[in-house]
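Participant: Sequence:
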Amino acid sequence: MSSVIGDVRGYGDKAPGLLDKERIIAGPGFNRWMVPPAALAIHLCIGMAYGFSVFWLPLSRQLQLAGTGAACGKDVGFWAQLFATGCDWQVSTLGWMYTLYFVFLGCAAAIWGGWLERAGPRKAGVVAALCWCGGMLISAIGIKTHQFWMMVLGSGVIGGIGLGLGYISPVSTLIKWFPDRRGMATGMAIMGFGGGAMIGSPLAVDLMKHFATPTTNGVFETFVVMAIVYFVFMLGGAFGYRVPPTGWKPAGWTPPAAQTSDAMITQRHVHVKKVWGIPQFWLVWLALTMNVSAGIGVIGMASPMLQEVFGGSLIGVARKFTELDKTQLAAIATVAGGFAALLSLFNIAGRFFWASMSDKFGRKMTYTIFFVLGGVLYASLPGSAAAGSKLAFVGAVCIILSMYGGGFATVPAYLADLFGTQFVGAIHGRLLTAWSTAGILGPVVVNYMREYQLSMGIPREQVYNQTMYILVGMLVIGLVCNLMIRPVADKWFMTDAELAREKQLAHEKAAAAEAGMAGAGRNQEATPVAKVWFAWLVVGIPLAWGTYRTLLAAAKFFS
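Take the sequence shown: its letters are residues 177 to 735, numbered as in the numbering used here.
Don't read these hints as lab results, they were simulated from the structure. Idealized CB from N, CA, C, for every residue including glycine.
Pairs of lysine-lysine, DSS-like flavour, derived with a Cα cap of 25 Å:
1) 320 with 250
2) 385 with 732
3) 667 with 449
4) 496 with 732
5) 566 with 502
6) 732 with 502
7) 679 with 667
Pairwise CB distance ranges, derived in the manner of DEER restraints:
8) 513 with 253: 25 to 33 Å
9) 552 with 712: 36 to 44 Å
10) 552 with 259: 46 to 54 Å
11) 317 with 440: 45 to 53 Å
Please construct the entire structure, taking both the sequences and the accompanying hints into account.
Facilitator: So, in structure tokens, the structure goes:
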């Protein structure tokens, strides 16, 4: 029996390797709720990309602390700092790491998304772990030897590739396991990406304090420890992945087309090679770009915006920001830190909430809500600021951030609805080039407008007003693009013969062959309930700890 199955799978007498897609086809007793914790284990690790700013200030004082150097002068540019070993790097230079992360995330996801669909999520997850954690170790060496180019290579380039592969690794698998709850399933995983910094940032701070000495800041040791911890978690997630057999569907579930004839949800499949020429792909691309650009613009300036707009009123002092002394500035910075923590919670919660709601409202309607409600809230911020209403201002920004996260979490299901599930992971990878674009567009618009208006003599508390209206304009563009999305034309879908050939290339076999393997004794028993609970506890405990630490920080905003 086993040799026959081997022939059917194209391996002859040789069993599939440990990382091969065939090795992780689930048997009839597998519990699909084991897959989301595996995805979370990877996303909670790579999500630390959002939290790397905790290292910038310590790294900008590394040589000064050791007494072996001074800060790089303003005349020392980025390229000179790449190879400078005798002066401390500037915070603005270190901040380029954040941009590199998301540029390489989009590029890696677009380039290797097709390979991921053929190789399967386990192999992609292992490669992501090697790149992300290996990149952190290379960066650690760069920190130890004070070579910034090694940080760029390690975390920026290699780590960015791992970031992209890890981000898209569970998308296709989760959508196939949860065809009845596509939004909720991808929302759970992508929620983990938003929560990565919520765990990693306080962990990094605690580790740096533990390893710090009078002459070192503990960043090198922190990178090494976190790389090891992340590697263990990411490998656990990668080996926890399973893919459903061909033709599998939840018991009692009927595909939407058979129920409602919803033209926006297809049961056919578009090849990833064709999406560049399909108008709907570019409309979704533009919609995501506009939503993310506006959200990133607010995220990057949330803390200084709150301080400059409300000034001393944050601590009960009737003074503008420019009139505060050092002690008062430190006090409002603490309040603003709590505000940033509060925003991170809404960013995370929004990923799960809005993605789950999209299963009820539909993906197109959910995005329409993002743009319409978002536009109203962005436009309300100048009025809230002028009225001195902190509650209205903070509430609006929190909801905006929830929709920023919700846009990321909802879009994989949107793509599956439009283009089918066969290549949704690869198509999602190509769509993430929108993230790379937005990562540049949003901050540039907000930062440029702020500096321009300050140079024109506009008071600090008013410099963000025009920017908010520009962001509203972006959302209007996104709304128009979203409303223009229609079902994909028949000419773009694969024929049955083309689909069968692609499934063979992707190592997907007939259900009979898979059932034969299950009958041969592999994955036959039902997954124990205790095992499911354990998997969720492994990711749930760190997430709960990160939430607790974030709530403590957010409490400072209300104290």
